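Q: Model the placement of chain B on the given structure of chain A, informed by the hints.
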Amino acid sequence: MIYSDLFFWLFGGLIPLAITAFMVARSRALGSEKDGSRLHSLPGYYGWYAVIWLALPAMLSGLVFSAAHLFGLFTIPAPMLLATMFTIGAAGLWYGLRHINVEFRAREKVEKVATALLIAAASISILTTLGIVLSVVFESVRFFQVISFWDFITGTKWEPDTAFLIGAGRDTAGMTPPAFGAVPIFAGTFMITAIALLVAVPVGLFSAIYMSEYASHAARGRLKPMLEILAGIPTVVYGFFAAITISPLVVKAAHALGLEADYTNALAPGLIMGVMIIPFVSSLSDDVITAVPQGLRDGSLALGTTKAETIRHIVLPAALPGIVAAFLLATSRAIGETMIVVMAAGLRPNLTANPLEGITTVTVKIVEALTGDQEFDSAFTQSAFALGFVLLLITLMLNIVSSIVVRKFKQRYE
Amino acid sequence: MSQHGFQADARKRKRDRADKRFKFYGLAAITFALAFLLFFFVDIIGKGLPAFQQAEIKVNVHYSEATMNNYNKAVDRQYKTLVSKTWLRLVPNQMRDNPELMGTDREEWVLAENRVDQFLKGNEGHRLKAKYQTVINQMLEDGTVRLVFNTGFFTKGDSKLPENAGILASAIGSILVLLLTMLFAVPVGVMTAIYLEEFAPDNKLTQIIEVNINNLAAIPSILYGLLGLAIFINFMGVPRSSALVGGLTLALMTLPVIIIATRAALRAVPDSIREAAYGLGASSLQVVWHHVLPLAMPGILTGSIIGLAQAMGETAPLLIVGMMAYIPEAPGSIFEATTVLPAQIYTWSSESLRAFEERTAAGIMVLLAVLLSLNAVAVKFRNRSENTW
Chain A
21 MIYSDLFFWL FGGLIPLAIT AFMVARSRAL GSEKDGSRLH SLPGYYGWYA VIWLALPAML
81 SGLVFSAAHL FGLFTIPAPM LLATMFTIGA AGLWYGLRHI NVEFRAREKV EKVATALLIA
141 AASISILTTL GIVLSVVFES VRFFQVISFW DFITGTKWEP DTAFLIGAGR DTAGMTPPAF
201 GAVPIFAGTF MITAIALLVA VPVGLFSAIY MSEYASHAAR GRLKPMLEIL AGIPTVVYGF
261 FAAITISPLV VKAAHALGLE ADYTNALAPG LIMGVMIIPF VSSLSDDVIT AVPQGLRDGS
321 LALGTTKAET IRHIVLPAAL PGIVAAFLLA TSRAIGETMI VVMAAGLRPN LTANPLEGIT
381 TVTVKIVEAL TGDQEFDSAF TQSAFALGFV LLLITLMLNI VSSIVVRKFK QRYE
Chain B
1495 MSQHGFQADA RKRKRDRADK RFKFYGLAAI TFALAFLLFF FVDIIGKGLP AFQQAEIKVN
1555 VHYSEATMNN YNKAVDRQYK TLVSKTWLRL VPNQMRDNPE LMGTDREEWV LAENRVDQFL
1615 KGNEGHRLKA KYQTVINQML EDGTVRLVFN TGFFTKGDSK LPENAGILAS AIGSILVLLL
1675 TMLFAVPVGV MTAIYLEEFA PDNKLTQIIE VNINNLAAIP SILYGLLGLA IFINFMGVPR
1735 SSALVGGLTL ALMTLPVIII ATRAALRAVP DSIREAAYGL GASSLQVVWH HVLPLAMPGI
1795 LTGSIIGLAQ AMGETAPLLI VGMMAYIPEA PGSIFEATTV LPAQIYTWSS ESLRAFEERT
1855 AAGIMVLLAV LLSLNAVAVK FRNRSENTW
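Read top to bottom, the protein sequences are chains A and B. For the first sequence, the numbering used here gives the first residue as 21, with consecutive numbering after it. For the second sequence, the numbering used here gives the first residue as 1495, with consecutive numbering after it.
Everything labelled a hint here was simulated from the structure, so no lab data went into it. Note that the coordinates shown come from a computational prediction; the quantities given were computed from them, not determined experimentally. Be careful, since some hints might not be right.
Calculated lysine to any residue pairs in the SDA-like style (CA-CA distance at most 20 Å, straight line) [stated by the list, open to error]: (1) K1698(B) <-> G252(A); (2) K327(A) <-> A311(A); (3) K327(A) <-> F1518(B); (4) K1506(B) <-> S52(A); (5) K1698(B) <-> S423(A); (6) K428(A) <-> I334(A); (7) K327(A) <-> K1874(B); (8) K1625(B) <-> D1636(B); (9) K1514(B) <-> P222(A); (10) K1579(B) <-> K1514(B); (11) K1874(B) <-> G252(A).
Chain A on its own, in the form it takes in the complex (with noise of 0.2 Å):
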């Protein structure tokens, strides 16, 4: 029996059980009154009381043997997994509708287990965590069993092709070791992600303190809308702008200053990956300016500063660590930032300060080592997730001192 058969069967037995089960409690419970005494609950908890026995035991038993098959404990066929479900829903449901007569507190036993349901929804952002810290580390652990930390973090030479051929069985006696030296693709990174700060820090910043300080009421309404729109639009898109658009350009403006320039180059994804985030440090910058009091600046322009003075010496040092925690983040999206990187960037680890020059990046590696058709298990493909555990690293520290420095900032002025 295949998956949506599966699926298929289960809910469409289960729903109607279900309703069935509601109806039946409810009836019950309501028939259970007798002249004098009334239901503790109003009638519909009873009916969910039933729904609960019925569908909690049916769940957790198909979540106990999903998990056997995971583990590899053991399997039993669909038909048979059914068929035990329902079940044990049915006795789970038998048990429940002995319970309920008059005096039954059946809201209270409901409410327990919807607290529960609430309590196990809020842990799933947990296992997320979890899942994302466990699925790069496992995978990293065998990395670095074959490939040493210290070539990876230090090595400047990104050679990774023999590794598929070793995975496959089929290294030869005379063949070169494969090469993961990271420093290169580190080196891309952070070349674009600093393209694209020079780009996004002055605009968001000066976006953020005319439309706090300088425009009016209205005009801030209209402006703050457009600018978000620059956040809104997809990677993908801006990828192919970049490639199609800006990279043509960059180009054509080297040659016209005599420069020579790489179809690929870190300037075009650098620039318009600046432009993406411009909307992140406008907004964040923007709040905090906001929040600065607004006595400050009234001492500051009594005491006879222009407007711009006020911003420049009373603001925006009040703001600055909020400003510092938008640059933080803004630096941990660049980091990030896949597509446009994956469609203008190139495919070539090289260690060069030119940003004219080809360059690659460490989302580009991760999205070239698991989207071909090698072999799962060769240490090319293990490598992703080794680059993955550094950007999570990266992007982790980043985000952590940004949310202290804005807390720190808040406790200030609140």
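A: Just chain B, lined up with the frame of chain A:
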């Protein structure tokens, strides 16, 4: 006027100039951003608009025994390379379905080859040979070649031949993936937010969950792809490239957005509402379910729409879970290989044929139109429901 006063005047003028300059920088920054936006839209629309038209040529189609055996015989020799291969290949099928065609010759408008199409639209890189150019120019005079609205773009799936490539399969894939994302992320996100905002005790665990959610919101999307690959595909055995794995991956990515928006919406509901409900004897769950949640609904919807719009435009994690496969047909179930609109844009953009470039841009126009209208709906919702308590 004294010497000192004159100096002070000069200094004042200098400061005023600096003041004006500073304001100008701000204006320049905003102008730069908006000018970019304008340039971007003009460029994309300019590139994509031609794709909404498609060349057709009028040829004499021979429905004969010879055509049945070799579809190349369906049109006269000189037109063979001008009509689309996808149409030619289907002629025998068409004859099988409609036996009355056999033995007739009919004048028909048929789909033209992409080089003809590009030549007619005046694209530089059309690659149509000179001898065919004269044929087409002659046909233009005879009125046997025309550009019509490209319905195929909306009714066909992907194809290796640009004149036959459309967005239908990927659009359906996008809808499937988005539905799954919504089914999973919205309930779980809202429940998490309700727990954290209304029920959670102020202890270490709650703080860990909160910090954790903020971190999740800032983790690069590609790492969610690694999670999807390692956990969903390799560990749980969810089929690769399927809408299910894409939807689950995007759901985890969207979750923090929805949680954060929902918490803000719940926080905006004043405590007096809760106290009044408690005062009438409601239990804490009834307070939330009957009073707080309905009042917070517009904010929750706004946050959910924004989160889903973000998920709809996302590509990187989907590439990692294999959703860039060549999918000519719309998927029949959530377990089949599927592609989505952004992934389709990505695969088209790496095609070398010139005719794919305009289709890529046209796909982008469709995607942007959907995303911008989703965002506009979300903003409208927010503005209409902005309650001041």
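Q: Flag every earlier hint the structure violates by its number, smallest first.
A: 1, 4, 7 and 10
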